[in-house]
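Asker: According to the numbering used here, the sequence shown is numbered sequentially starting from -10.
By construction, these hints were calculated from the structure, which means they are not laboratory data.
Certain hints may be false.
Ranges between beta-carbon positions, derived for each pair [to be verified]:
#1 45 x 16: 30 to 40 Å
#2 26 x 2: 32 to 42 Å
#3 8 x 42: 20 to 30 Å
Computed from a predicted structure; not experimentally measured.
Every residue gets a Cβ at the ideal spot worked out from N, C-alpha and C, and that includes glycine.
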Amino acid sequence: MKIDKEINPRWLFVIGTILIASIFTYFNIFEERTMGFIVLGMGLGMMIEVFCKEVEDGNNK
(Lines of atoms letter the chains of each structure in order from A and count residues from 1; the text may use other names and numbers.)
(Lines give C-alpha, C1' and ligand atoms only; values in the text may rest on other atoms or scores of the structure.)
Protein backbone atom coordinates (compact mmCIF):
# COMPACT_ATOMS: atom_id res chain seq x y z
CA MET A 1 0.00 0.00 0.00
CA LYS A 2 1.49 3.31 -1.12
CA ILE A 3 0.99 6.38 1.09
CA ASP A 4 1.18 9.75 -0.65
CA LYS A 5 3.50 12.29 0.97
CA GLU A 6 1.23 15.25 0.14
CA ILE A 7 -1.72 16.01 2.42
CA ASN A 8 -5.08 15.80 0.69
CA PRO A 9 -6.96 19.14 0.94
CA ARG A 10 -10.17 17.22 1.67
CA TRP A 11 -8.60 15.87 4.88
CA LEU A 12 -7.60 19.38 6.00
CA PHE A 13 -11.18 20.59 5.43
CA VAL A 14 -12.63 17.67 7.39
CA ILE A 15 -10.17 18.04 10.29
CA GLY A 16 -10.83 21.79 10.40
CA THR A 17 -14.58 21.22 10.50
CA ILE A 18 -14.25 18.77 13.41
CA LEU A 19 -11.89 21.09 15.32
CA ILE A 20 -14.19 24.10 14.92
CA ALA A 21 -17.23 22.05 15.91
CA SER A 22 -15.51 20.66 19.00
CA ILE A 23 -14.35 24.14 20.07
CA PHE A 24 -17.87 25.55 19.59
CA THR A 25 -19.38 22.65 21.53
CA TYR A 26 -16.82 22.94 24.35
CA PHE A 27 -17.26 26.68 24.88
CA ASN A 28 -21.01 26.44 24.20
CA ILE A 29 -20.87 29.27 21.64
CA PHE A 30 -24.12 28.03 20.14
CA GLU A 31 -27.25 28.59 22.21
CA GLU A 32 -28.00 24.89 22.05
CA ARG A 33 -25.45 22.12 22.30
CA THR A 34 -27.30 20.18 19.59
CA MET A 35 -26.07 22.62 16.92
CA GLY A 36 -22.46 21.76 17.80
CA PHE A 37 -23.21 18.05 17.63
CA ILE A 38 -24.89 18.49 14.22
CA VAL A 39 -21.79 20.22 12.86
CA LEU A 40 -19.58 17.55 14.46
CA GLY A 41 -21.73 14.82 12.91
CA MET A 42 -21.43 16.48 9.50
CA GLY A 43 -17.64 16.57 9.91
CA LEU A 44 -17.50 12.91 10.93
CA GLY A 45 -19.78 11.92 8.05
CA MET A 46 -17.56 13.78 5.59
CA MET A 47 -14.49 12.10 7.13
CA ILE A 48 -16.01 8.64 6.60
CA GLU A 49 -16.98 9.60 3.03
CA VAL A 50 -13.46 10.84 2.26
CA PHE A 51 -11.96 7.72 3.83
CA CYS A 52 -14.16 5.49 1.65
CA LYS A 53 -13.10 7.45 -1.45
CA GLU A 54 -9.42 7.10 -0.45
CA VAL A 55 -9.86 3.32 -0.08
CA GLU A 56 -11.63 3.11 -3.47
CA ASP A 57 -8.85 5.16 -5.11
CA GLY A 58 -6.29 2.83 -3.53
CA ASN A 59 -8.10 -0.25 -4.84
CA ASN A 60 -8.40 1.19 -8.36
CA LYS A 61 -4.63 1.76 -8.68
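Asker: With reference to the structure, classify each hint as holding or not holding.
Answerer: Status of the hints after comparison with the structure:
| no. | hint | verdict |
| --- | --- | --- |
| 1 | 45 x 16: 30 to 40 Å | holds (37 Å) |
| 2 | 26 x 2: 32 to 42 Å | violated (19 Å) |
| 3 | 8 x 42: 20 to 30 Å | holds (21 Å) |
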